[in-house]
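Number of protein chains: 4
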Amino acid sequence: MKPVNVGIVGAAGYSGEELVRLIAGHPHTNLTAVTSRSLAGQPVVDVMPRFRGLLPADFTFTTSDSQALAERSDIDVFFLALPHGVAAEYAEALVAAGKKVLDLSADFRLSSTETYSEYYGQPHPAPDLLSQAAYVIPEITAADWQNAKMIACPGCYPTSVITPLAPLLKAGLVDSNGIIVNAMSGVSGAGKKLAEDYLYCERNESAKAYGVPKHRHLSEIEEQLSNAASKPVIIQFTPHLVPMKRGIATTIVAKAKQTGVDAIYSAWQDAYGQRPFVGILPSGKTPDTAHVTGTNRIDFSAAYDQRTGNVIITSAEDNLLKGASGQAVQIMNLWLGFPETTGLL
Amino acid sequence: MKPVNVGIVGAAGYSGEELVRLIAGHPHTNLTAVTSRSLAGQPVVDVMPRFRGLLPADFTFTTSDSQALAERSDIDVFFLALPHGVAAEYAEALVAAGKKVLDLSADFRLSSTETYSEYYGQPHPAPDLLSQAAYVIPEITAADWQNAKMIACPGCYPTSVITPLAPLLKAGLVDSNGIIVNAMSGVSGAGKKLAEDYLYCERNESAKAYGVPKHRHLSEIEEQLSNAASKPVIIQFTPHLVPMKRGIATTIVAKAKQTGVDAIYSAWQDAYGQRPFVGILPSGKTPDTAHVTGTNRIDFSAAYDQRTGNVIITSAEDNLLKGASGQAVQIMNLWLGFPETTGLL
Amino acid sequence: MKPVNVGIVGAAGYSGEELVRLIAGHPHTNLTAVTSRSLAGQPVVDVMPRFRGLLPADFTFTTSDSQALAERSDIDVFFLALPHGVAAEYAEALVAAGKKVLDLSADFRLSSTETYSEYYGQPHPAPDLLSQAAYVIPEITAADWQNAKMIACPGCYPTSVITPLAPLLKAGLVDSNGIIVNAMSGVSGAGKKLAEDYLYCERNESAKAYGVPKHRHLSEIEEQLSNAASKPVIIQFTPHLVPMKRGIATTIVAKAKQTGVDAIYSAWQDAYGQRPFVGILPSGKTPDTAHVTGTNRIDFSAAYDQRTGNVIITSAEDNLLKGASGQAVQIMNLWLGFPETTGLL
Amino acid sequence: MKPVNVGIVGAAGYSGEELVRLIAGHPHTNLTAVTSRSLAGQPVVDVMPRFRGLLPADFTFTTSDSQALAERSDIDVFFLALPHGVAAEYAEALVAAGKKVLDLSADFRLSSTETYSEYYGQPHPAPDLLSQAAYVIPEITAADWQNAKMIACPGCYPTSVITPLAPLLKAGLVDSNGIIVNAMSGVSGAGKKLAEDYLYCERNESAKAYGVPKHRHLSEIEEQLSNAASKPVIIQFTPHLVPMKRGIATTIVAKAKQTGVDAIYSAWQDAYGQRPFVGILPSGKTPDTAHVTGTNRIDFSAAYDQRTGNVIITSAEDNLLKGASGQAVQIMNLWLGFPETTGLL
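Chains as they are written, first to last, in the UniProt record's numbering: chain G, 1 to 345; chain D, 1 to 345; chain U, 1 to 345; chain F, 1 to 345.
Derived by calculation from the structure, the hints in this document are not laboratory data.
Careful, some of the hints might be misleading.
When chains are identical, the list treats them as one kind, so a pair holds in a single copy or across two.
[As the list claims (entries may be wrong)] When the alpha-carbon atoms are kept at most 16 Å apart in a straight line, the in silico EDC-like pairs for lysine to aspartate or glutamate are as follows: (1) K285 - D46; (2) K214 - D305; (3) K285 - D197; (4) K149 - D65.
Since the structure is predicted, the reported quantities are computational estimates derived from the model, not experimental observations.
Please build the complete structure, drawing on both the sequences and the hints.
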């Protein structure tokens, strides 16, 4: 099989670093270009020394002009690991040039430009392209996404919430009203940002809620869950920062429509029983981020509380893999016709 | 003022260590005895090397026979830092001998022996003494607790939940139905227990829920909140372990009875405005465990979500201080007539 | 190519877990048996939940009787991840049955039974087999090791010290007298041992020296460096525990025989320039464990201090990979004729 | 006793924060002013929320003009927690105005302006004042330091090295040649600096050497040890960063002039046996930063290695307390005639 040439745009951050690792190690792809405005000209292994030996010593970050990238006939697939608002410009140029684009930013995750501007504080940068982008959680999204022009890859918190909840809402097994979500994220979720809040001495031995009550990812969670439930779903979502590098642990409380967890496990088994990256744990066993970091897996389980009539769902994933770059590569595999797990085990 | 002689029974664990520190440094107390079955005969500073210089090098752990302790005419006040089920035997002997007893175990926290046996898996060990014990959160419990024969000191999670919620339930500002509590605890909350689960390599870079859906502390939380609300309150409570030594961050979601947070802040101001160990943070500022560990303070704030009609309350405390030993000393101060903050700032 | 069947004996610990991962993911091996006395009968994925999806759910730990294992005609290669003193019995039975054995314990690392009993406090358990075992650091040991009956895989600290130092001693570039080594290890170096010292709350926010002045690994370091120098080398070695899961950072100070680092870098280039798992960093750039954990690489660099005439060498490796299981698989690859990096990138 | 009014200049960092805590809690001082250019106008408790309740809510950072501070007749004592190069200007103005000044920067630690410019890369900013400043380790410096116009408080690494070594060099118990020092520091040693290197995700699960071979603190260590030895002492000093907030663990290897550690322990006992902040641990017991963080104590012990003839000395301290602000307050206590431990236990 002829390898596919891949470019990673805006690869300076933690998600970008994981993309570099995955694409460089993927048996069917060539890592052809890695761009970063701020790092252009620097060897990638100087910035990401883990990759010494994996990448040539002279493989450098390049500039990331959108038109120049669009004209590169030697690259077929682009991952965009850019901030929201910036990604759209690249997506437009690259899609116009017929490239396959997987965007890890928030720019194409919401179908409504109004919701986008409400949550991201600016007008949508490319409304015309929006309808041609597919939001894809590979285990959930209907198969015709593969005809889309570009892919909006899901956010880290949304993946941890939507994956376990969507089949239950679809099957009407939990009440679509009154769902409460609390999530704990490792610090890499904030990116490689130079802010006092992310210094080692500020985050070690610290746990706190933030983004109360309207974190940006809420918009994406609600849209997807509303689609699953076929009615508007409003969520109470509270994210927290805890002192670890990576990993998201999420706890969802929803009113059950029946006693016990049998129907829930059946729905999960139907939806995910054959999927390689979903771990359905038995009721009573709560997932641990330590068991999924470094993997593309999401684990979850459910318990029923007869005192409250609630079902308590807990999930765990690696925010940089199943929550970002791993899932993006999983989508690429399916989009290009490779086996789903290629380069991800 | 003649100092009060204090004994700490079962002081081998992390709460015991904090009690040793606080009582040894307290201007009005003498640390007269520190007991531990397993450590009897060992100098305290060998087990707790932080206290070299603070304690005499030859101050040793002694055995902890309940009768022998009850007969010690040189000790007036005892803290029990023993496991539940064990504490009661000591409490009975010491109270019978006229000693003042502050129990940090769960044995006297619940008024119902049925609830005790449901949650702790054994018959209540001292039902007759139960009615003479006062459960005390000093900022909440009515002042006549000072006439009790002994004190049941609150649990760590319960303090973090009850302190912010009780005034709101009492004033009818939040719905007593459907309250959802998620809490994250540092690993010291599990005590100094030799179990694989508490090894450094298992807990570092790990976040997970546990005790789903019926953690033992739930019984205590529900009893106190029911008292505050004057009606039964059923809570959905999910605790989590996160990689830090100490600290609890708690997030409470409750249905508001009015829009906005003004009434809530008024109720808090009335209840706690003059109390030295309660930090009422402005709405929009979430408390951080890093800002309260090492102190006896609990911080909290509230935000109103007009989309859901919920109020989101977040609190932070040091599980070993305001959640255990610090609060116990605070109670002792009030019981013995010392200023509340003595030895705690 | 027909895959080689591999058994891992005593796989309950952290090194064992890495072996399971590497052998299960290796393209030319089958993971045929995983044994553990204490875990026999339990599914491997219950004990090592990271491997859900990688291993069949019903793949269980088996008992580890040495004779029974020796009689298994379906297994060709055995890794022993057993405590010293215990490994020898298995090695004897398995070698006698013609199996290829890679021992990760200390039992066959020292050529002298006297040194073994001095450092390990017991008579050598299998002196007859000792002469048939080869101690192998693949980048250093002369190629005829491949004819040995069994392999003694190096310890974690020794790999971090011997790899950078051996070529320099061999070439006479540093004084063989007066070498000072300080090393910092992550907590997994102590294994999955239930001792108070390894609890999260004891190790977090803690740094300390231990094993002063005669850690067991010293015997192995000195033997190998004496071989390299062709004269006795006595080392001052001080290991330290620091709060991280994995990684070893080692700092070596030796008297230089010439000014500058050019000769040192030449020697390193000659010895390791073509080796995939050795990272020779430029002088002035110190290696960081964070850049090698999860890899089988060892990174090092050197600086010359004209004020003291010393060369300061700093190295970093993953104690569980290049320092244990990764290097064992690297050795297996070479022993069985696979490319050195197979299953390790 | 009339309390002494104290100003802290440049209090925005971690050492400044500790000074605020210690001075605000000190029974004989008033915290009168806390200055910071960048934070002027902000309430201190907004920046340092640990101090809510300890400081008035409206106690704000003020600007830090050196002349204006010198003219404040209501302040008697100033701590300077400023960068080197900046502190000198303040020291000059304040000393000229007759204020007592304790400088935590490096500006007055070295007696030689040549060494200063060699290590700090700029001319000494106040050579005239240099001779009037005393460098004080209170357990070591001869008593007449109390007549100095100002105090240079020692650096964190230097305190951990000089305190155990000085009496041994003075008594000729270790060779003054060939001393090797390795030290591990928590991340707060770098200050509250916004650099990628100090982000949580960069420092967690990472250990590495830095500042090889000529860290700035080396100049100070060598000057003090040369004084103690009455001859030039050249040290090989390698500092390391390890993932913890605070604490320094230091390991010193020196050639012993006699066998065993008896003479060493005698010298330590003579020098420090009566000093409250020095913990002399028995040989064989290595100090642990976890046992000294939060205290003003330095712990150390020694072991003799008959194989090498070396003595191995290991020490532990809190870099922000005994290594910085705690020791500064200890010095202030002695300077002002308060008991040495006031406000420090």
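How the hints compare with the structure:
1. K285 - D46: Answer is between: at 10 Å across copies they meet the 16 Å cutoff, but 42 Å inside does not.
2. K214 - D305: This pair counts as between: shortest inter-copy Cα distance 8 Å, intra-copy 28 Å.
3. K285 - D197: between (33 Å within a copy, 14 Å between copies)
4. K149 - D65: Cα proximity of K149 and D65: none, with 21 Å in one copy and 59 Å across.
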